[in-house]
Amino acid sequence: MAKSRSVVRANKLLVGYGGAPVCAPVSFNLPEGRALALVGANGAGKSTVLRAVIGLIEPAGGSLTVLGAEPDERDVEFRAKVSSVLDDDAYFPGLTVAEHLYLTARGHGMLGARELVAELLEEFGLAEHAASLPTALSSGQRRRLLLAAGFVRPRSLLVLDEPEQRLDLRMRADLADRLNAEKEAGGTVLMATHDAVLVRAVADRAVYVDDSSSPLLKADEAAARIEAEPS
Amino acid sequence: MSHDEDERYDESRWQDEAEWHDEPEASVGRDGWPAVAEADLGEVPGSSSIRRYTKEAAKQRAGAKIGTLLSDVYYAGIILAIGVSVAAGVAGSLRSSLPEVSYADGVGVSLPALVGVLVGALVATLVSLAGRLGPVGAGGAEAAWWLGLPVDRRGLLRPAARRLPLVALAIGGVVVALLDGGLLGDQGDRVVRAGIAGALLAALVVLGMAAAQTLGSTRRAGALTGDLLLVAVPVAMGVLAWVGVTPEHLPVPSWPVLGAIAALAVALAWFTDSRLGRIRGASLRESGSVAAQAVGAMVSMDSRELGRALSDGAAPAARRWVSRLRTVRGPVSALVTADLVLLRRSVRHLVQVVLAIAIPVLATVVPQLSGQVPVLMAVLIGGYVAASASAEGSRRAEMAPILDRLLPLDPKTARRARMMVPGMVMTVWSLVVFAAIGRWLGDPLGWLALALPGVLAWAAAAVRAAYRPAPDWSSTLVSTPFGALPTGVGAVLARGPDIVVLGLLPTWIALVLGHVTQVLVMAQVLTALIAVMVASSTSTKTFTERMLDAQKEADEQRKAAQAQAGRR
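Those protein sequence lines, which keep their order, are chains A and B.
For the first sequence, the positions run 1 to 231 when our numbering is used.
For the second sequence, the positions run 1 to 568 when our numbering is used.
Bear in mind the hints are in silico, worked out from the structure with no lab data behind them.
In this text, a Cβ means the ideal position worked out from N, Cα and C, and glycines have one as well.
A portion of the hints provided could be inaccurate.
[Claimed, not checked] For the chain B half of the interface with chain A, some residues (derived, Cβ under 8 Å), not all of them:
1. Val36
2. Asp40
3. Gly42
4. Gly46
5. Arg61
6. Gly140
7. Trp145
8. Pro150
9. Gly514
10. Thr517
11. Gly566
[Claimed, not checked] For each label pair, taking beta carbons as the anchor points, the in silico distance ranges come out as:
12. A/Ala20 - B/Pro411: 32 to 42 Å
13. A/Ala224 - B/Ser475: 30 to 40 Å
14. A/Gly43 - B/Met298: 48 to 58 Å
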């Protein structure tokens, strides 16, 4: 099998706030067309690693390259190719659900944005709420809107922070299918998650983020660790 | 630490998992990475199109009509006019009440010099404020839905970047014109030039902070710079008093100099605009979040929330040292120690205390301000600022009473314990300020005897203000010169200041009289004790509401008794 390029390469990456690392150094390569999960306890530093990958914080140590260069969200090309879904539960008060997605699609220059938005609204179970304001949605529906926004635009790397949050079992299964389709289309996925089922279904490898060590694991091992954690 | 071992563990996996751990490649840059859904890509619209789309879509379902907009503009204009008129009146009456002083008589600091220092303090405050606010930011929705788009961010950020400099321009112009025309009595061309200079200076300060933000300066650095400048202001005043600088007029720039300053402001605005795209997303998000919190606090008239908005984001994310909390001996000392640590870690509040000491002390050494009323006003303002600065623990506890609930303390004891730190700070403040007043009016021991019981009243006022409930915004609206406000807002906002006025009444009387009597000292002890009792109360209702409740309860009891008697 030909070696594929690393979409994300972290070598002894240290992340944290105010110069203080929040977890042990993290090392991994994420090849093109594959999915890597970051797993670990609450507060272990998974989201902080993701924030470093999408350029929202600077690494406190080690090295990190994303799409062949240091992550810099000020770079237009970087923003064009890295799609991220964090827990940004903020919306324009005057824009409907469909308009938020249309804004994202058109803002990225997508052709046929209206059809694409309609398709994603259907897929994420939001078609009935297309004309609703996000403030009228339930927390789970708002989460689905954020996820749909991650797919309504072009991307080389999809970064998801606990995408399973506030989704029912059916929607989680659909999301797993969606992410596998993403990989098949050549997309790369990096996600932080607590969901063992999602890790088994989607991830090719996982990094167990912890304050003493952050080893790279096979997906089954990582899922077993999640299941062994006290809930 | 076992990091080395862990890395060896990782290294062994690297050898096994070639695909996941291949050799580093030369940096290939962002080009050449295929994207999912790339085939559907067309031209990316301009940032102005994004802004326009967001605005137009929102406008379609906006409830406000042109009449509402005009009405809002009208009210804003009226409020502004009232505010400026009141300020001009106060400045004018203050000027007419100031004594005439001959600058040849070895005066330490003249009034124009004091106004100059005041302008310096306003500039320092603006630096601190602009630093804490960003000043360029993108709020929640803008950060979430705009910042990720592959468009030139300058176009998206331009309106936000213009907002604060323009507000500073307007306020700076009005304030400096009021100080020059109102307090110093200048007229005509001089006032116009002073106003324009003030406006340009304020805009320059904010633009300078924005330029620093584009160069990577943090909000904490901006806030710290402003705080240090604020501390430098009373120091500068002391130096001026020592040296004896007594200009008879505030130096006002000529028209050519104003033109040069305006050109500088334009150049700085252009420089900042050209670099807006270089501001990191994290900085924009933080600034936008702080600005939204601050605006929300102002709209809801919550000074505590405003303080939190301006403090929290500028605090360091991690501490270099951890307090050992050695003074903790029990629940009360734990509460007091926690409040002390909070105060010690807040540079902003420590700066406020220093300034609050300087204000009344300076009022006693500037001959034109050394009248009973100006000194009383300075003591009132300085004291309230110092007391408020020392009550951060209470304000936090009102929002999230975590420590209060964890410790085995009843609410009244907790409130009394929370008066300890304001009490300590106000003891220092009172010793310095009333020693200066004693030096000015004579009888320093008498003034200190009056000041010490007053410490209790200051502490009580600070805690009462910190624990005040939020106004009930659902109650009936009343039309006021400042727009429609719910009934009871005044009573809520007066909690704290009411104790300053009433609990320190003997002190105010002594300051007006110009001397201390034994009766006033005794009265001060009494009113201070009453103030502590009032501030210890956990009732959130006003005195009138409690009276009405008591009346209602008595009526119900009477009716019940009558009904019982009727049945018999």
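Now for the hints, and whether the structure bears them out:
{"no.": "1", "hint": "Val36", "result": "4 Å, holds"}
{"no.": "2", "hint": "Asp40", "result": "5 Å, holds"}
{"no.": "3", "hint": "Gly42", "result": "4 Å, holds"}
{"no.": "4", "hint": "Gly46", "result": "10 Å, violated"}
{"no.": "5", "hint": "Arg61", "result": "6 Å, holds"}
{"no.": "6", "hint": "Gly140", "result": "3 Å, holds"}
{"no.": "7", "hint": "Trp145", "result": "6 Å, holds"}
{"no.": "8", "hint": "Pro150", "result": "4 Å, holds"}
{"no.": "9", "hint": "Gly514", "result": "52 Å, violated"}
{"no.": "10", "hint": "Thr517", "result": "55 Å, violated"}
{"no.": "11", "hint": "Gly566", "result": "55 Å, violated"}
{"no.": "12", "hint": "A/Ala20 - B/Pro411: 32 to 42 Å", "result": "36 Å, holds"}
{"no.": "13", "hint": "A/Ala224 - B/Ser475: 30 to 40 Å", "result": "58 Å, violated"}
{"no.": "14", "hint": "A/Gly43 - B/Met298: 48 to 58 Å", "result": "34 Å, violated"}
Checked against the numbered hints given earlier, this structure breaks hints 4, 9, 10, 11, 13 and 14; the rest are met.
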